[in-house]
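Two chains, two frames, a set of hints: combine them into the complex.
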Amino acid sequence: MEKFEVLRSSAVPLPVENVDTDQIIPARFLKATSREGFGENLFRDWRYQPDGQPKVDFVLNNPRYAGQILLAGKNFGCGSSREHAAWALYDAGFRVVISSYFADIFRGNALNNGLLPLQVSDEVLQRLFAEVEQEPHTGFIIDVAAQQLFVPVWEKNIPFDLDPYKKECLLHGYDDIDFLVNQKEAIEAYEQQRVWAF
Amino acid sequence: MTDEVAQKPNPTPPIMAKTLFDKIWDAHVVSSIAGGQDVFYIDRHLIHEVTSPQAFDELEARGLPLFRRTQMVATADHNVPTRNQHLPIEDELSRSQVDKLTENCEKFDVELYGLGHQRQGIVHVIGPELGLTQPGMTIVCGDSHTSTHGAFGAIAFGIGTSQVAQVMASQCLLLSRPRRMRITIDGQLRPGVTAKDLILYIIAQLGTGGATGYFVEYAGAAVRGLSMEGRMTVCNMSIEMGARGGLIAPDQTTFAYLQGRPYAPQGERWQQALAYWQTLYSDADAEFDAEVRYDAADIQPMITYGTNPGMGIALSTPIPLAVAESEAVGFSKALQYMGFAPGESLLGKEISHVFIGSCTNSRIEDLRTVAAYVRGRQKAPHVEAIIVPGSKAVEQQARAEGLDKVLAEAGFELREPGCSACLAMNEDKIPAGAYCVSTSNRNFEGRQGPGARTLLASPLVAAITAVEGRLVDVAALLETTFVTESEGQLVDAAASF
Ligand code: SF4
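Top to bottom, those sequences are chains A and B. Note that this note's numbering numbers the first sequence so that position 23 is 23, with each residue one more than the last. Adding 1000 to a residue's 1-based position in the second sequence gives its number in this note's numbering.
Treat the hints as calculated values from the structure; they're not laboratory data. Remember, it's a predicted structure, so these values are computed and weren't measured experimentally. Some hints could be false.
[What the hints assert, rightly or not] Keeping only pairs whose Cα atoms sit at most 25 Å apart, straight-line, the calculated SDA-like set for lysine to any residue is:
id, chain 1, residue 1, chain 2, residue 2
1, A, K31, B, K1107
2, B, K1333, A, R44
3, A, K31, B, A1432
4, B, K1107, A, E36
5, B, K1107, A, T33
6, A, K167, B, E1058
7, B, K1349, B, G1411
8, A, K31, B, D1109
9, B, K1100, A, K3
10, A, K167, A, K184
11, A, K3, B, A1034
[Said to hold, decoys possible] Away from chain A, derived, C-beta distances all over 12 Å, residues of chain B:
id, residue
12, E1106
13, S1352
14, L1477
15, T1480
Beta carbons: idealized from backbone N, C-alpha and C, even for Gly.
For reference, chain B alone in the conformation it holds in the complex (with noise of 0.2 Å):
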């Protein structure tokens, strides 16, 4: 029968197109098991106080031996001081975490790069400073913002604590692949607005559940523009809009952001690892499960306004009205919390506190954003303004280049690097009741402390505010502003963002 002919399979099937997450995912897949899932292999384990003690102590109540601890480092930072970080951490709890740490470390010969280490900090902002993280790898962290090293074209995801057990005890997961979305940003971002303006856009059109079940892929002009840091800050927030995570396809900017850094492959290895990188995009016929565009043109300053990242807003707009039915209970809940009302704005609201960090926002980019505005200005004498680098690394070089000063002089106080105010584990609470404009990425509930409350914005959204002691237009400044300074220090802000 003819028919049978024709059905005959192909004996050179055509090469699949392939989006850049299959590539780094086919590459690391040691078998498949009934179901759907496969045994994942994991490159890079990075691990912090927080979520490694349980896993330690499975690892030893089952007598297993770490599988690979070579591709394992540790850092402390989530419980850490941010000031007087020579001396004993005062809280007893923080205190016997960050030894545990260090004990386990040391029992199970880990490299531990801990409190007071040149190479400390928090761990989504020392794996791409030392090289660590690299296109092509999978990096998973007992942590959901390691989407963070995504920027690199890298699969890399949060994982629990039983799964950090898993990964330590054989480098592999059991998962199941996700589905893979992209999101196109055309065009380029308009002067003043930021690569954490552009994520919070996304998230607030997408919504905090948008993107659940997806692995993101982020294109377009206005990504391939964007710094490494600045593609840390869009890749870290990722998972709040519920997606596994979030990858950049490797480009010239990665590799001559990688090139010389510690963990780096050098020499003959450099150029074998560029040839492979090379190949790190997704083909242009490969298909997504789902597409998204935006045009950069339609952003503008960003801020939340309620208790989820997907609660933002243009700084210039009003809060909502209204939303969908089925969210109404959960937006009255959060304006309750936050004392807004629907429809208002938030131009003029009084901020007491101002906080620059976190892995979303505490790279030396940022530090340098925030004190090229700064510089020559006053933070409002009511505004408590602190900024906490993500490393020790970005602490030394903002001292190098004098932005401590700059900052000092305007009020700001340059703290020692971790996660600081952006989940309260260590003193740096905001007051219940207080609003604080912030860097970082979760305005949860108490997140920032017991009714404290968030307003997640960029480093020049938090620096304006903080010198404003409220609320401002920032777009509507920033253009007056390029118009009657011409030269100066906004340029120079300009040119860094």
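Bound conformation, chain A alone (with noise of 0.2 Å):
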């Protein structure tokens, strides 16, 4: 995983709630066995026609927008468990989602890839969807070691949560997989006592 730090950017804005992991990545596009070259195909049928021609209303064709931060309506990635969603955005492009909520397994799978779901208020998510519609160059400073969201236009911090160990793991790109192999004797020693066996 590679370290999150501080990112600077302009923010692209998708303002549909409820956005689920199958628009994300449709299940189609889920038969390869690596976890490159998801980006191509994500958000596929609201990005593109069936025979391929981009769609020019859609967001991500808007030539007005662009950016490493995705900034997405309420419930972003729920539905399907498929951590391919993470990867198609961080394969995309995308460091950051901003939404005012984030489906549990999605927001487990994007901090587990560098990806990072950015909680805000619905009311700070409105604002920043008038913000960045009106003035799409709009940068933001996105500071993990702060937990802060900084808006230059409104010379305002917005302090966002994150997981102790989860906010370490981004910092130093390092991951729950390194961290339990670390606990092996532990979990051993917790095998043995077991109230039930299987």
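Structure, rendered in structure tokens:
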């Protein structure tokens, strides 16, 4: 996993609620056996016509918007547990998704891949949408160590929650596997005294 | 000071009343780390071809062995064709993914019930069927509908591929304890109202995000009255309201289902297990973070009209005229995709496809319900109706009971097991624009194929729709049929609800 300390970027707005992982990456693109290349099919059916022509009204095809931040409606990442959704967003260049709610599994998957799910209040989210839609080049600064989203045009820092352990992981670029493998002795000791062994 | 005396900790603290969820969770905590996460032990790890290859790769890349390979079982289900399973898979990518699973299972020595094996099937159907799923266990799989296994009083939930790798490497996950919600359904379901209607009703009430962050326990007389198949249907769809999972306290129904299954404990171990399982219930005064109550008598046969499972209505009532402002964009986008209008009734809508299958409703009981209704009837000529059993065992049972013939005579095709049109990774796709009444769990845009329009319903509603060729008022139909056909198939059908 790559380290994530500070990101400066503009944002791409997707003001749709309940974006499910089937939209982020449709099931028919899950047949690969590696992690690479999913970005091409990110939001496939919203982004392209069946014949492969880009849909002009979809935000990722709109030249007005660019950046490594996806600004999305409430309850982002619901539905299927496919981690491919996080891989696709990451592969397409996104490092942060800002929303006012994330589905649990998506949140975990994102963090395990260095993609930051940054949760703000509904009110802040609406104001961010308004800001970006009006001024697409608006820049943001996301500081993981400080747990702050800085919005320069508002001259304001918006704090966000981040699990302390996950924060360390992001800052140092390590993940749960590294941690768990180091717990081997404790795990084996636990296995010896389990209430009911199967 | 007297105060000091009063504040002394009680040497024998009272035993705290616990929820079922907490009893199981606490028994699986290896250790707790700063920030409130637990190193959480996993008893059973189920894998399939779609979400495991990258995890095996990761293990290899880091040079790690499988920590507890005997606690893993694999099957091929998402990609597999539902016809001619004895032949090589035609689709190249699907074939390579299924082959990769076989290769990995050989390399890492994992038990695989692959294509053609007598125990193959949808991972959430074979787990319970083989007795792999047991009360008090923690069970994970790289698939969100792992919540199905909660029907046995287990903590079961879906995980991402990185977590699949974590469990492979350590048999543990790092998790924070979710909040607990109890959903109680009092009373008894009306005739013709099934477990699927029950869960679609709950999701419609709570909304797709209504249980996010919670682990749900289902309780109440209506839940206790369900068969194991029905309980699995309910727990299966917990995830569709955002819950991390759902579970039901085990009871006689659970124990009777499990006894004698291949992986169930035998002999003395069965007795020990039983004694432990009987302690698995929420204590009378256990506290939940949220409580919801419904009355079973309010539930009618349900259907979804939109593009998330929360957009459900009683079949006999119209689509809402409007929704809360915050959901208005999603609502109109959904109706546009589905070709419906606000306030419109769905009764009379012509339906071209019926899919009976998926880990929600593809068990033997579902097939019996369908067969009982269609016996002596015919599907409408314009309807394409496929039935995909959840496992090889279900398929064989159906054939042994002669259901395949009943279904064939009515014009339904009984296929070979797999996920099939639930997510359309194989060739079973619903054409763009076509309406499909489906017994699966997700009606997302394009879920059953690009442009496909999915209406989620119970197997009974699906069977009736296939016969009628359009959506009808199932509750009214059943009422009149019950009166006119006091004996015969419908009574059989009612018996199996
Ligand atoms: S049947 Fe559908 S929901 Fe169930 S495991 Fe397969 S794809 Fe997932």
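Hint-by-hint comparison with the structure:
1. A:K31 x B:K1107: Holds, at about 21 Å.
2. B:K1333 x A:R44: With a Cα-Cα distance of about 17 Å, the restraint between K1333 of chain B and R44 of chain A holds, given a limit of 25 Å.
3. A:K31 x B:A1432: holds, 21 Å
4. B:K1107 x A:E36: holds, 23 Å
5. B:K1107 x A:T33: Roughly 16 Å separates the two Cα atoms, so the pair holds.
6. A:K167 x B:E1058: holds, 22 Å
7. B:K1349 x B:G1411: Holds. K1349 of chain B to G1411 of chain B sits at ~21 Å (cutoff 25 Å).
8. A:K31 x B:D1109: holds, 23 Å
9. B:K1100 x A:K3: violated, 31 Å
10. A:K167 x A:K184: holds, 23 Å
11. A:K3 x B:A1034: Holds, because 21 Å separates the two Cα atoms, which is no more than 25 Å.
12. E1106: Label holds. Min Cβ-Cβ 15 Å, cutoff 12 Å.
13. S1352: holds, 19 Å
14. L1477: Consistent with the label, L1477 of chain B stays out of reach of chain A, its closest Cβ about 32 Å off (over 12 Å).
15. T1480: With a cut-off of 12 Å, T1480 of chain B remains clear of chain A, as the shortest Cβ separation is near 38 Å.
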